[in-house]
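K.L.:
So the chains spell out like this:
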Amino acid sequence: MSTTYDPYAGSRETTEGRVYTVTGGDWDLTFADQQGEDRLVVNMGPQHPSTHGVLRLVLDLEGETVTKARVVIGYLHTGIEKNTEYRNWVQGTTFVTRMDYLSPLFNEAGYCLAVEKLLGIEAPPRAQTIRVLVMELNRIASHLVALATFGMEMGALTGMTNGFREREMVLDVLEEITGLRMNHAYIRPGGLAQDLPDGAVESVRELLAILPKRVADFHRLLTGQPIWQNRLKDAGYLDVTGCVALGVTGPVLRAAGLPWDLRKVEPYLGYETYDFEVPTADTSDAWGRYLVRMAEVNESLKIVAQALDRLEPGPVMVEDRKIAWPAQLSLGADGMGNSLDHVRHIMGQSMESLIHHFKLVTEGFRVPAGQVYVPIESPRGELGFHVVSDGGTRPWRVHVRDPSFVNLQATAAMSEGGMIADVIAAIASIDPVMGGVDR
Amino acid sequence: MAMTTPGGTGGSELVPGDGEAGFDDATAPSGGFRKGAFGVSGSGDTSGFGGLVRVEPGGAVALHSTERPYGGWFDEVTDALIDAVGQATYDAAVQRVLVDRGEITYFVAREHLLTLARALRDDEALRFELLSGVSGVDYLDSGGPAAGPGRPRLHAVLHLTSMTYRRRIRLEVAVTAEDPHVPSLTGIYPTADWHERETFDMFGIVFDGHPALTRILMPDDWDGHPQRKDYPLGGVPVEYHGATIPPPDTRRAYR
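Residue numbers (our numbering), protein chains in the order written: chain A, 1 to 439; chain B, 1 to 255.
Just to be clear, a hint being listed does not mean it is correct.
To be verified - Taking lysine-lysine and the DSS-like style, the derived pairs with C-alpha atoms no more than 27 Å apart in a straight line are: (1) Lys82/A with Lys213/A; (2) Lys359/A with Lys82/A; (3) Lys229/B with Lys359/A; (4) Lys264/A with Lys302/A; (5) Lys82/A with Lys229/B; (6) Lys82/A with Lys302/A.
Claimed, not checked - Covered stretches of chain B (chain A as the covering partner; in silico rule of three or more C-beta atoms under 8 Å from a C-beta of chain A): (7) 130 to 136; (8) 162 to 170; (9) 181 to 192; (10) 218 to 229.
Stated by the list, open to error - Sample of chain A residues with no beta-carbon within 12 Å of chain B, all distances over it, derived: (11) Thr15; (12) Pro279; (13) Gly392; (14) Arg439.
Hints in this document: simulated from the structure, not taken from any laboratory. Built from N, CA and C at the ideal position, the CB exists for glycine as well.
Make the full structure from the sequences, and use the hints.
P.N.:
This is the structure:
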């Protein structure tokens with residue numbers, strides 16, 4: 001502390017130590033007795049518009065250089081894994097869909113594939129094709145939000161409004177198919193909650209006609225822009241070795257040059273029969289991740305078009321009556337529910353059907369004891385479901401290896417030694433979804 | 001679907017002494033499955049609706065060991081692992097191997113976990129470069145012999161991925177709640193950092209050698225480990241329009 005009185009930077013002794021009142025002026029003068037201690041610790045979040053959700057960062061700064069980046073999570077922990085242990089296997093779908101809320105259909109698909117593997121069953125072909133269809137639409141919506149928030153956090157607000165506008169178009173189609181914009185609970189163990197409604201195929205085709213133009217608009221808006229390029233290039237660098245050591249998968253790994261996409265390397269739901277590319281970049285930085293996501297939107301559009309072409313009529317739920325939901329849902333005057341025919345049947349004609357319906361809906365089916373791990377490629381990387389059954393009607397344990405959770409670990413490696421502004425670019429390029437991180 | 005031949009082949013590593021006698025122990029919960037939605041124990045089925053429910057002697061944990069050959073590339077990986085660490089270490093480290101639903105699980109003694117993990121990562125014929133995740137499971141009251149030193153309840157489950165060969169294996173380390181120590185993999189797989197913190201937070205498994213084993217999802221001052229099966233669900237009875245809604249623990253549907 002300087003001996004001269006400074007009206008703009010006074011200080012007083014308290015029981016907690018010396019407290020400075022800094023209202024401007026010369027900082028060197030204020031901290032004259034603390035020479036050599038240039039470290040500044042800045043807390044960012046959890047409520048901050050640039051931290052991509054309720055993420056908290058504790059940054060050690062020297063000037064504008066980040067010397068240490070610590071990530072604090074857990075602000076959105078809702079105990080979803082624990083909750084599934086107290087609900088039957090079908091109800092689990094409605095819980096896991098709420099984890100990574102930008103890719104709900106991937107959560108559902110991963111969970112259902114794990115339950116199906118435990119049961120030793122496979123969904124019928126039409127259900128598999130529709131799963132691929134809705135998942136790829138979901139991937140587009142998720143990437144559009146990733147690009148939109150990327151724009152917002154970099155200060156390109158038009159990118160945000162455009163991204164969310166296009167995403168809403170995709171969500172409208174998903175709403176038409178599943179009944180909800182998000183948290184669909186559409187994919188169920190053994191198949192789907194219901195078949196595609198009339199007119200859904202046409203709506204998807206209309207969307208497919210519009211979206212490529214909008215993606216091109218995105219390129220015109222951001223890709224060629226010098227400010228955008230300067231903010232992203234060389235920001236948040238992490239090479240393949242670093243990615244694999246830190247468990248990072250998805251677009252971040254592919255932007256480092258490794259074409260690791262579970263749809264290609266460990267195909268599920270018939271992905272090996274679709275014609276699509278795995279986009280990569282070789283820059284290992286935020287710029288590469290941006291380009292990879294843009295390219296993946298186009299690839300997903302290709303997959304959606306192919307899925308539409310190969311849709312054949314057929315069941316969307318397994319034949320096994322001990323597993324399949326007893327009633328097809330239908331739209332009535334009071335909303336979605338069991339079809340009237342089914343209600344008439346169980347209430348008036350067949351007591352056995354009523355018992356069957358009651359047992360299956362309230363108690364649920366049993367799953368043979370054992371454990372499986374099923375990974376799928378979510379928009380953010382490897383989404384793995386480790387599901388354990390003790391042979392009962394509820395899961396014994398559902399553990400989710402959420403890609404956002406793992407990828408976020410790379411924040412320190414990407415940010416330390418760089419500028420504080422690049423921390424934002426690094427996190428935006430990881431695209432973590434806190435609902436998935438904290439579960 | 002596997003889960004075959006209960007009781008006949010294995011489990012002696014887990015149940016010291018006369019292993020099979022443990023299954024008939026009066027203290028052991030009956031049946032390898034939990035109660036149904038209405039507190040029904042056993043199959044609860046008098047109608048035949050539920051079909052035949054197979055009861056595993058180990059409950060959720062299969063106690064037997066799969067005999068070789070395991071089939072497919074499982075034998076290749078096992079042989080390469082034996083070559084890499086030596087037969088003696090392998091025999092000491094791997095208590096048993098289970099092949100089920102197309103996945104292979106090595107049940108590993110914790111003293112040898114790091115030796116195995118290092119060999120699995122570095123050996124040319126193995127190359128499990130990626131640790132996909134660490135997950136915990138609490139097998140308390142999951143049927144079979146009662147949890148205790150002979151049947152450790154807390155399992156740390158590690159999923160390893162070989163990007164070179166496109167293979168996945170599972171390592172499982174079982175510890176008791178009284179001595180929940182497992183060596184940390186952070187030195188071999190840096191990604192284990194947060195996974196282990198989460199497993200510690202939720203199950204209280206202590207990963208020795210972890211650089212900063214603190215809670216990650218729950219608040220720092222939280223008591224207990226929420227995903228353990230004996231963790232109380234809490235809550236108070238709530239009165240609403242004259243009716244009383246009991247706290248979750250005592251509700252029929254939660255038992």
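K.L.:
It remains to establish, for every hint, whether it holds in the given structure.
P.N.:
A quick look at each hint next to the structure:
no. : hint                   : result
1   : Lys82/A with Lys213/A  : violated, 44 Å
2   : Lys359/A with Lys82/A  : holds, 24 Å
3   : Lys229/B with Lys359/A : holds, 26 Å
4   : Lys264/A with Lys302/A : holds, 15 Å
5   : Lys82/A with Lys229/B  : holds, 9 Å
6   : Lys82/A with Lys302/A  : violated, 38 Å
7   : 130 to 136             : holds (count 6)
8   : 162 to 170             : holds (count 4)
9   : 181 to 192             : holds (count 3)
10  : 218 to 229             : holds (count 4)
11  : Thr15                  : holds, 23 Å
12  : Pro279                 : holds, 18 Å
13  : Gly392                 : violated, 4 Å
14  : Arg439                 : violated, 8 Å
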